[in-house]
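Chains A and B, in that order, give the protein sequences.
Going by the numbering used here, the residue at position 234 of the first sequence is 234; the numbering climbs one at a time, nothing skipped.
Going by the numbering used here, the residue at position 201 of the second sequence is 201; the numbering climbs one at a time, nothing skipped.
It should be emphasised that the hints constitute simulated quantities derived from the structure, not laboratory data.
Where a beta carbon is used, it is the ideal one built from N, C-alpha and C, also for glycine.
Heads up, a few of these hints could be off.
List of simulated lysine-lysine pairs, DSS-like, C-alpha gap at most 27 Å [said to hold, decoys possible]:
hint: 1; chain 1: B; residue 1: 529; chain 2: A; residue 2: 550
hint: 2; chain 1: A; residue 1: 523; chain 2: B; residue 2: 424
hint: 3; chain 1: B; residue 1: 551; chain 2: A; residue 2: 407
hint: 4; chain 1: B; residue 1: 551; chain 2: A; residue 2: 366
hint: 5; chain 1: B; residue 1: 424; chain 2: A; residue 2: 547
hint: 6; chain 1: A; residue 1: 544; chain 2: B; residue 2: 529
hint: 7; chain 1: A; residue 1: 424; chain 2: B; residue 2: 550
hint: 8; chain 1: A; residue 1: 366; chain 2: B; residue 2: 544
hint: 9; chain 1: B; residue 1: 407; chain 2: A; residue 2: 544
hint: 10; chain 1: B; residue 1: 551; chain 2: A; residue 2: 512
hint: 11; chain 1: A; residue 1: 550; chain 2: B; residue 2: 407
Example chain A residues on the side facing chain B (calculated, C-beta under 7 Å, incomplete) [claimed, not checked]:
hint: 12; residue: 333
hint: 13; residue: 334
hint: 14; residue: 343
hint: 15; residue: 349
hint: 16; residue: 373
hint: 17; residue: 376
hint: 18; residue: 396
hint: 19; residue: 398
hint: 20; residue: 408
hint: 21; residue: 518
hint: 22; residue: 519
hint: 23; residue: 523
hint: 24; residue: 527
Take a look, some chain A residues computed to stay more than 12 Å from chain B by CB distance [stated by the list, open to error]:
hint: 25; residue: 110
hint: 26; residue: 111
hint: 27; residue: 490
Protein chains: 2
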Amino acid sequence: MSKFSIGVDFGTLSGRAVIVNVENGEEVAVSVFEYPHGVMDEKLPGGTSLGVDWALQHPQDYLDVFRETIPAVMKKAGVKAEDVIGVGTDFTACTMLPVMADGTPLCFIEKYKANPHAWIKLWKHHAAQDAANRLNSVAEERGETFLKRYGGKISSEWLIPKIMQIADEAPEIYDAADRFIEAADWVIWQLTGKEMRNTCTGGYKAMWHKHEGYPSNDFFKALNPKMEKLADEKLSRTLYPVGTRAGGITPEAAKLTGLIAGTAVAVGNVDAHVSVPAVGITSAGKMLAIMGTSTCHMLLGENEKTVPGMCGVVEDGIIEGFYGYEAGQSCVGDHFQWFVENCTPADYKAEADRRGIDLHALLTEKASALNPGESGLVALDWWNGNRSVLVDVDLTGMIVGMTLATKPEEVYRALIEATAYGTKMIIDTFEENGVPVDEYYAAGGIAEKNPFVMQIYADVTGKEMKISGSPQAPALGSAMFGALAAGKAAGGYDTIENAAAAMAKVKPFSYKPVAANVVVYKKLFAEYKILHDYFGRGANDVMKRLKDIKKATRG
Amino acid sequence: MSKFSIGVDFGTLSGRAVIVNVENGEEVAVSVFEYPHGVMDEKLPGGTSLGVDWALQHPQDYLDVFRETIPAVMKKAGVKAEDVIGVGTDFTACTMLPVMADGTPLCFIEKYKANPHAWIKLWKHHAAQDAANRLNSVAEERGETFLKRYGGKISSEWLIPKIMQIADEAPEIYDAADRFIEAADWVIWQLTGKEMRNTCTGGYKAMWHKHEGYPSNDFFKALNPKMEKLADEKLSRTLYPVGTRAGGITPEAAKLTGLIAGTAVAVGNVDAHVSVPAVGITSAGKMLAIMGTSTCHMLLGENEKTVPGMCGVVEDGIIEGFYGYEAGQSCVGDHFQWFVENCTPADYKAEADRRGIDLHALLTEKASALNPGESGLVALDWWNGNRSVLVDVDLTGMIVGMTLATKPEEVYRALIEATAYGTKMIIDTFEENGVPVDEYYAAGGIAEKNPFVMQIYADVTGKEMKISGSPQAPALGSAMFGALAAGKAAGGYDTIENAAAAMAKVKPFSYKPVAANVVVYKKLFAEYKILHDYFGRGANDVMKRLKDIKKATRG
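Chain A on its own, in the form it takes in the complex (with noise of 0.2 Å):
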């Protein structure tokens, strides 16, 4: 009888369970549960009002999904719960909540419900802006060396910030809370009963280090003196590498998911980063690149380095053993959106409308009947900042090359180019820095949908684009980890290296670099690269600029 593992992958707006066969990889059946109250940025459930760039989620969104999509999947798949030998999970992080010894979110007492800040912050809450101005000043006026590690600034996304936000606004609901925990790391505690942090959103989202641990308590203290003790007192200092076993399921859970008590269940992890596995990596030198709405890039090494406008670089991260880089890019999807809502002519739309295809598809064939360079056209692919690798938030869009003659599909295509130039940054960058990129991969929305961007990608970088095999990389990557926590004994792996040889996935098929086109973005590469540091690099901060202006006429 054949074993298997259920990966459950925990989105922004809906869970995700996968069952997988353990033997081969085949992903047998799918559960999606959409969370019910969605991302919450208005009002509480009980009708508090939030401020502007709050993004709040319900716990028990959380629980429904194990509730819902783990019995679905085993029934579909028609396999037994005993057949079941391990459970993985990935998450969107930072999502954090606040919660008591036991775990007790603090939202679920009636005493905090009505206080925002008792809720689980998502990941784009941006509310938390200032605390992570105040932190990055106070970093770097006290030398803090921990800034290199994340291209030399923490984003407001992240753990610290939220936490800040919360003993800066809400000192009640920072004494109240006995823990402050990712989300990734709270529905493990759901399911096993234990408090196990992981070191991938400990060391990208918490700042800590395997060898140096957290910042100091005096580096706290002087965010906030009540934040003294933060590590010691609300945090913990025992993180466990990706792929350890948590734990088994407890009665409780074994009554929620249907799953029989003590089935083994891995620590928690990022969506991104468990997909690295998903695609057959396991090694250092290949790039996984998770291509939506933004892209997220990750990279194993073998060394530490210091590699400028990365996110991170965290030992034991993404696979244990390797040093796991994180870089980024805030706008890939967006930006092609953006353009189609913004700045695609009704005559276009009557045309997808008449053809029955939507206006990516039709900007898509349009600009696919050009050649590269025929536009004229380069971009700064800037319009949500620059991530990777100038770390800068206010940088904006640019564009130029502009005619009278020039069409709808070839700025589309531009927009396209401009972020394949910044993959190229990207890549030459942690190349120049000593962290070589052998091999690239490919997952999410437009590595899967997208032959068009690819093989621009392709074309643009000069390397052979691999796609992942499964549209679904971080439910598959999460069941791997779950094989591995289950153990070979149980029918699993005891290594990630044998789970990836036997259930990784990559397409049959690559996007190969076309020599002539290579020739071609090569110049306008070089053209992308003088324009990136002019406007990126302070020779001219026009940009930055503009946006004071922009903030003086709005105040």
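Assemble chain B onto chain A, guided by the hints.
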């Protein structure tokens, strides 16, 4: 009994006559005649195919304008021919043709009529670019000083390149032509029986200078040996200041027009230049901008200065006794139209349709609701190259500052602002080079119909914008020159100043700079200037390199 003057304005697609009361400038009646042959850019009436970038016209169409419109305006106005004291005309330029010694167009002669070079080359005939390039390089090699009067470059639209093209491609037409003449002068020849060339087209389009005359025979010989004696044999070294009485209506022309033989006719003029006195400008320091698809700037000065990037400076070229300066922006209304056609989304089109307004009106409404600087955008208005002050057709468009929240109306406004910044660059360049711009007047479709654009121009330049009181300033200006040609004794005027004092008009309102907006635009213009110089003056020739790459891809 009142006296009247008729102004006839020859445009690109039609001719228009206006009959004006000489005493007070009242435009009593108008008549418009569309050219039956329009712009011939594909084939001749006989079927001969035309090359790329050709644009020809038919001389009969101009005669038909006289035949149709002059009787029509007299009839509509109830004015008898004996009360019409003068006729003035203006024309697009350089619009030129080869003729026999008696003025007969070569294209009217059976032997030549199948040859495209026998026809009228319209101002926008762009097939003489190779000739212009050669002219410019020969002139530079020889250190010809006339170049500096034309911003360093002679346009392919002007007379000598057009003649070069004939000499190069159709030597038999060159040889057969007794004269090459501006259509502006040819129509006067048809009315008066005399070849009386004007200083305006001579100076701005034929490189003629009041004191230095034409370029040397040696120079013409260097262009094409055939052309050595061009000036003596096929042009004329005698030119007449604008406003000169060319002669009286001939008996034949009287039959054509219904005017009385002997009625005064002014020498030819150009549409933009003839508009200057129509808004009352007859002295130095006042700039008139004719704002349409592109913008043409006219300015009177008291001295001859070399101003970088102007289109020309001609003594007596606009008003006798002054140096007439011309500058230009290649892309103004065309710029906004490009945006509407290529970048305005379907939901805006639907809203405009629902409300029964056009897209310009809708975008204007939305863009009007924004404060200066609120979009965070700055553009370079070079979608069609830059005429003044950079004189570089290979420059292209640029826009910076986009975010995912950028809306179409913000881009639309940024494009409008960009053209205003371009105007300010021109004004500043004149002033920095010793030609003051104390007052600013605008005419043309945009000045007439677009308060939103005009207010932005006022705010950007910090200057009050006075608007032509007539929507047909060229025809009114021509009528004024007709009254001048008639002279005071006949009921007209002896000076253009006196004619303007009585007949010129500006609207009773003007657009005045709003102090708060001026402050913001000063900051934004500083950004425009940095980008203008960076992209336009050689620091980064990316626009040219992108054009080269583009050309290469098209093979």
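Hints, one by one, checked against the model:
Distance hint between residue 529(B) and residue 550(A) is fulfilled; the C-alpha atoms sit about 18 Å from each other, no more than 27 Å. Simply put, residue 523(A) and residue 424(B) have alpha-carbon atoms about 35 Å apart, too far for the 27 Å limit, and the pair is violated. A threshold of 27 Å between alpha carbons decides the hint, and for residue 551(B) with residue 407(A) the separation of about 16 Å falls inside it, so the pair holds. For the hint linking residue 551(B) to residue 366(A), the alpha-carbon distance of about 19 Å falls within 27 Å, and the restraint holds.
The straight-line distance between the Cα atoms of residue 424(B) and residue 547(A) is roughly 23 Å, inside the 27 Å bound, and the hint therefore holds. Between the alpha carbons of residue 544(A) and residue 529(B) the distance comes to roughly 16 Å, so the proposed pair stays at or under 27 Å and holds. For the hint linking residue 424(A) to residue 550(B), the alpha-carbon distance of about 22 Å falls within 27 Å, and the restraint holds. For the hint pairing residue 366(A) with residue 544(B), the CA-to-CA distance comes to about 25 Å; that is within 27 Å, so the pair holds.
Between residue 407(B) and residue 544(A) the CA atoms are separated by roughly 19 Å; this keeps the pair inside 27 Å, and the hint holds. Between residue 551(B) and residue 512(A), the direct Cα distance comes to roughly 26 Å. Compliance with the 27 Å bound is thereby established for this hinted pair. Between residue 550(A) and residue 407(B), the direct Cα distance comes to roughly 14 Å. Compliance with the 27 Å bound is thereby established for this hinted pair. Violation of the interface hint for residue 333(A) is found here, the shortest Cβ-Cβ separation to chain B being roughly 11 Å, above the 7 Å cut-off.
Taking 7 Å as the C-beta contact cut-off toward chain B, the hint placing residue 334(A) at the interface holds, the least distance being around 6 Å. Restraint check, residue 343(A) versus chain B: the minimum CB separation of about 5 Å is within 7 Å; hint holds. A least Cβ separation of about 4 Å between residue 349(A) and chain B falls short of the 7 Å threshold, and the interface hint therefore holds. For residue 373(A), the shortest C-beta to C-beta distance to chain B is roughly 4 Å, which falls under 7 Å, so the interface hint holds.
Interface hint at residue 376(A): satisfied, since its Cβ lies 4 Å from the closest Cβ of chain B, which is below the 7 Å cut-off. The closest approach between the C-beta of residue 396(A) and any C-beta of chain B is roughly 5 Å, which is under the 7 Å cut-off, so the hint is satisfied. Because the beta carbon of residue 398(A) sits about 4 Å from the nearest beta carbon in chain B, less than 7 Å, this interface hint is met. Interface restraint check for residue 408(A): the shortest CB-CB distance to chain B comes to about 6 Å, inside 7 Å, so the restraint holds.
A hinted interface residue such as residue 518(A) counts as satisfied when its beta carbon comes closer than 7 Å to some beta carbon of chain B; here the least separation is about 14 Å, so the hint is violated. Taking 7 Å as the C-beta contact cut-off toward chain B, the hint placing residue 519(A) at the interface is violated, the least distance being around 10 Å. The closest approach between the C-beta of residue 523(A) and any C-beta of chain B is roughly 6 Å, which is under the 7 Å cut-off, so the hint is satisfied. A distance limit of 7 Å between C-beta atoms decides the matter here; for residue 527(A) the minimum to chain B is near 5 Å, and the interface restraint holds.
The claim that residue 110(A) lies off the interface holds: its Cβ sits roughly 39 Å from the closest Cβ of chain B, which is beyond the 12 Å cut-off. The beta carbon of residue 111(A) sits about 39 Å from the closest Cβ of chain B, which is more than 12 Å, so the claim that it is off the interface holds. With a least beta-carbon separation of about 47 Å from chain B, residue 490(A) lies farther than 12 Å from that chain, consistent with its non-interface assignment.
In summary, the structure is inconsistent with hints 2, 12, 21 and 22 from the numbered list given earlier, while agreeing with the others.
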